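Trainee: Okay, here's what each chain looks like letter by letter:
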Amino acid sequence: MPDNANASSLTAVHDHHGEAHAAHNPALLHHFVEEQQQRDAASLGMWVFLGTEVMFFGGLFCAYLVYRRWYFGDFAAASKTINMSLGATNTAVLICSSLTVVLAVWAAQTARKALLVSMLILTMVFGLAFLGIKGIEYKDKFEEHHVPGASFSFENVPIPGHPGQFANPRHAQMFFSLYFVMTGLHALHMIIGLGIFAWLLVMAWKGRFTPEWHTPVEIGGLYWHFVDIVWIYLFPLLYLIDRHP
Amino acid sequence: MSAHSSTKSPLKGYFAVWIALLIGTGLTVYAATLDLAPYNAAVALGIATIKATLVALFFMHVWHASEKLTKLVVIAALFFLLLLLGLTMSDYATRLWS
Numbered sequence: 003m004p005d006n007a008n009a010s011s012l013t014a015v016h017d018h019h020g021e022a023h024a025a026h027n028p029a030l031l032h033h034f035v036e037e038q039q040q041r042d043a044a045s046l047g048m049w050v051f052l053g054t055e056v057m058f059f060g061g062l063f064c065a066y067l068v069y070r071r072w073y074f075g076d077f078a079a080a081s082k083t084i085n086m087s088l089g090a091t092n093t094a095v096l097i098c099s100s101l102t103v104v105l106a107v108w109a110a111q112t113a114r115k116a117l118l119v120s121m122l123i124l125t126m127v128f129g130l131a132f133l134g135i136k137g138i139e140y141k142d143k144f145e146e147h148h149v150p151g152a153s154f155s156f157e158n159v160p161i162p163g164h165p166g167q168f169a170n171p172r173h174a175q176m177f178f179s180l181y182f183v184m185t186g187l188h189a190l191h192m193i194i195g196l197g198i199f200a201w202l203l204v205m206a207w208k209g210r211f212t213p214e215w216h217t218p219v220e221i222g223g224l225y226w227h228f229v230d231i232v233w234i235y236l237f238p239l240l241y242l243i244d245r246h247p
Numbered sequence: 017m018s019a020h021s022s023t024k025s026p027l028k029g030y031f032a033v034w035i036a037l038l039i040g041t042g043l044t045v046y047a048a049t050l051d052l053a054p055y056n057a058a059v060a061l062g063i064a065t066i067k068a069t070l071v072a073l074f075f076m077h078v079w080h081a082s083e084k085l086t087k088l089v090v091i092a093a094l095f096f097l098l099l100l101l102g103l104t105m106s107d108y109a110t111r112l113w114s
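Residue numbers (the numbering used here), protein chains in the order written: chain P, 3 to 247; chain Z, 17 to 114.
There's no promise every hint is true.
When the alpha-carbon atoms are kept at most 30 angstroms apart in a straight line, the in silico BS3-like pairs for lysine-lysine are as follows [claimed, not checked]: (1) Z:K24 to P:K115; (2) P:K208 to Z:K24; (3) P:K82 to P:K141.
No wet-lab data here; the hints were simulated from the structure.
Only a predicted model underlies this, so the values are computations on that prediction, with no experimental measurement involved.
The shape of chain Z in the complex, shown without the other chains (with noise of 0.2 angstroms):
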């Protein structure tokens, strides 16, 4: 949106945000083929959530949204996905299945 109004080309961001995103697959494939222990699924979410805020923050334009809501729709929806995931989870931990 606002790359609109910026004279700066943002066709280099752009490609450098493609070339991470190629490479962090890359990492996820690597990382998968190790043994970390209990640590490969968070090592593979940890990338997964980098690459996804790369393309929310610079293809989706949040980084560069002229507009507040935007960011706060984005951060709400995350707070309700977070509240979903973490409470269900917390509760199926904790609770003694037999």
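Chain P with its partners taken away, still in its complex shape (with noise of 0.2 angstroms):
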């Protein structure tokens, strides 16, 4: 083929190219047909992502329920110790968390800057809370020589509904390590929750999202919601064994 006319056809192609942009928004891709179907590909691949998630915190919550029933007056007297106001007042505070993020992709749907801003600022300051609350009782822990390892300590401490009988401080050990791992594993997911809100919040600030494209917010939005489910398995699992008088 002459040079010429390789070239040629190489500008028609270039051309038809140029239409395609002009003909559809800009924030649609090249592979997807429509922006609904873009926008139901990125939620499908974080719905995946936390499938993986899922089985993550699932084989910690496999660990606790094995050791739970095997030691369950231990797990009971130890969950005894931790302090249930601070546990539920973080319950309440990462439900409103939720209902903020799901106020903040409202917002980026319906175009409103200002509400989106302010949503994703508030989601923040309640992750802090959150975090903050959390740091407390782990201060406490430390304090009550809770952690496991060389200076655990758990002696004398009577097993609810067994008068006479103490805990195992070695069963109870395991009680504070899943404590421990779990509560920590799902606070490291608030921190990277609140690094994606700090991203979300500067493209939000500097109006990159539209009623066309804010998939970021909507996905953002699904992580921050399953790590809010994780917390609402973990408070009644680790809070509230075997409470009553």
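Using the hints, build the complex out of the two chains.
Mentor: Okay, structure coming up:
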């Protein structure tokens, strides 16, 4: 093929490409038919990732269930030493943050920039409050020598409902190992979530999100809600074993 | 996702779910102070599951998801989680550990 013919056909392709750009929203990538399909693909990808997260936390929940069955009395005694009010407060804080996230997504969908920015800030405030309360809890556990390791101490703690019986410190240490790994991994997810939301806040501030394209807000929101769901299970399992008098 | 395409404002629903989640939290704490013998754990997990379902269906928009594949992924994740927990526990619950 002569050189000039080749060049002209390339130009024709390029022109066609340009027309295609003009015809649709610039946020729509070429390999998607329409915006809805693009949004669905992004959220499906996020859901697959959350599926792996379910298995990730699922392994820990499984270990928890096995040891809780074996050492129920010791787990109940250890659970009673955790501050229930702080845990309940944190549950409420996370639920409120989930509301602000869903409002942020709605604000992005309906092009309310000021609302989007303020909801993202509020979500981060709730997230930081959660971590602060968690920090107070951890500090208490350090002071009480309830952190697994060389200085762990759990002597003469009565088993609820069994007068005269005391928890086995080794079994209680297993509870606290699970407590710190599960809440610690959850807190790590919160910290990552705060990073994601800080980035969303900058993007929202710059006005990058439109009703046509706000995929990061949506899938960032999915992540935040998932972390909330994990806590919804952690709270009763770790804080509320055999609490009744 | 599809809240975007629907004309009805979803705000009322969001606030209703939020209130329900807060009530559920209060109920869990209250139920933990009652002596329900073997049912304390079942009640706590039941309330947690209702709360988690509300978050997934309405805050994570699974209910209105236009893409059936999303629902399939959610169900598959739950199925494998139940397989993990169910088979493990059926083993530990029926084996004789001295």
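Trainee: Need the list of violated hint numbers for this structure, in ascending order.
Mentor: Checked against the structure, no hint fails, so every one of them is satisfied.
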